[in-house]
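Student: Per the UniProt record's numbering, the sequence shown starts with residue 1, numbered consecutively.
Treat the hints with caution; some may be incorrect.
Said to hold, decoys possible - Straight-line C-alpha distance at most 35 Å; calculated DSBU-like pairs for lysine-lysine:
#1 K3 with K58
#2 K215 with K3
#3 K24 with K291
#4 K46 with K3
#5 K196 with K3
#6 K338 with K129
#7 K53 with K24
#8 K24 with K338
#9 K46 with K58
#10 K343 with K260
#11 K24 with K46
#12 K343 with K24
#13 K58 with K196
#14 K334 with K215
#15 K196 with K342
#16 K215 with K342
#17 K24 with K54
#18 K196 with K53
#19 K129 with K342
#20 K338 with K291
#21 K215 with K338
#22 K196 with K54
#23 K196 with K215
#24 K54 with K3
#25 K196 with K55
#26 K260 with K55
What the hints assert, rightly or not - With beta-carbon atoms standing in for the labels, derived distance ranges:
#27 L313 with I74: 40 to 50 Å
#28 Q68 with G99: 18 to 28 Å
#29 L202 with I74: 17 to 27 Å
#30 E15 with E60: 26 to 36 Å
#31 Q136 with G177: 44 to 54 Å
#32 D16 with E60: 17 to 27 Å
Rather than coming from a laboratory, the hints here were simulated on the basis of the structure. Where a beta carbon is used, it is the ideal one built from N, C-alpha and C, also for glycine.
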Amino acid sequence: MEKLFVSPGMYIQGEDVLNTHLPKLLEFGTNGLVVTDSFVYQLIAKDLINGLKKKGCKIEVCLVDQTQLSQPIIETEFVLAIGGGRAIDQGKKAALSNGLSCIVVPTAASTDAPTSRISVDYDEEGFFKKYDYFIQGPDLVIVDTQVLINSPAHFLAAGIADGLSTFVEARTVWENGGVNTLNARPTITAFAIAEKCRDILLRYGEQAVRENQQKTIGEAFNAVVEANILLSGLGFESGGLSTAHALHNALTSVFGSAIKASHGQIIAVTTLIHLEIDRPSEVAEYNQLFKRLQLPTTLSELGLFPTEEQLLLICNLAFSADDGIVRSRVAVTKEELKNVLKKYF
């Protein structure tokens with residue numbers, strides 16, 4: 001089977017890079033659509049938009065918490081997605097489904113979504129629907145650590161859980177002869193990136209959270225931001241997903257907006273469940289780390305108490321043909337998965 005690897009066109013990380021690299025945005029045109037939310041608009045997007053307008057850009061704005069994103073206007077040349085998961089997912093979809101240039105500016109290192117060519121589709125009540133896959137990823141990802149250091153440290157901790165799941169799942173895909181999100185075998189490069197992501201997060205993760213709390217952009221914070229966003233993004237997309245993300249999607253399909261936890265907080269729990277199946281000897285190490293990072297480690301800590309009927313539904317959904325358990329060829333049955341889930345009540 002062939003191997004495939006995908007990545008964004010360019011990745012920029014550093015202090016104040018939004019300002020220093022503002023002229024680079026003009027390389028993508030002078031008619032843009034900014035996709036963000038009301039909070040981020042006031043936080044950074046408004047000033048960025050004004051800076052673009054002063055350089056001759058025409059900018060339309062969509063606030064995803066106030067209005068449904070419609071088709072970009074016909075003159076639009078690029079889409080600039082600024083913010084968290086919802087704005088990034090909708091911005092990528094608007095750009096990549098219409099053949100427009102895509103620029104992503106995350107405001108927290110809480111997930112690995114910014115670099116990927118995938119957007120996640122939820123309904124209005126927060127129930128997971130499907131992944132949307134596009135031919136290519138964003139043209140440019142700008143990670144301004146001066147912006148990220150001012151985001152709450154629990155976002156960084158959630159991103160660490162998401163990043164650690166990248167190696168855990170990529171290893172399963174690699175060892176079992178599974179396929180990645182491109183429906184191809186992972187490259188040696190993708191697996192090496194996922195492994196390096198894990199190494200950085202285990203070495204620097206806790207110190208990075210402390211630096212975030214102290215508003216200090218130090219070595220650990222810089223390393224973990226890169227691991228959470230770039231290494232994890234490349235590692236999950238080209239290395240492959242498995243049980244942890246399949247269970248995340250199943251849980252959000254069943255419980256929807258009743259889940260108040262973030263993506264990374266859910267993944268902390270489902271990564272432990274994955275390890276329980278795949279590497280029981282590693283559960284204690286990850287469990288202790290997640291507790292030190294004040295991340296949930298059980299379904300009850302997520303506020304979830306599935307009934308027997310819901311457990312059956314979760315297991316059935318987790319075995320969806322398009323999701324990680326099937327793609328990574330995990331040697332587990334639905335009954336075995338259900339029994340492991342019960343251990344994490």
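Student: What are the numbers of the hints that this structure violates, sorted from low to high?
Tutor: 1, 2, 3, 4, 8, 12, 13, 14, 16, 18, 21, 22, 24, 25, 26, 29, 31
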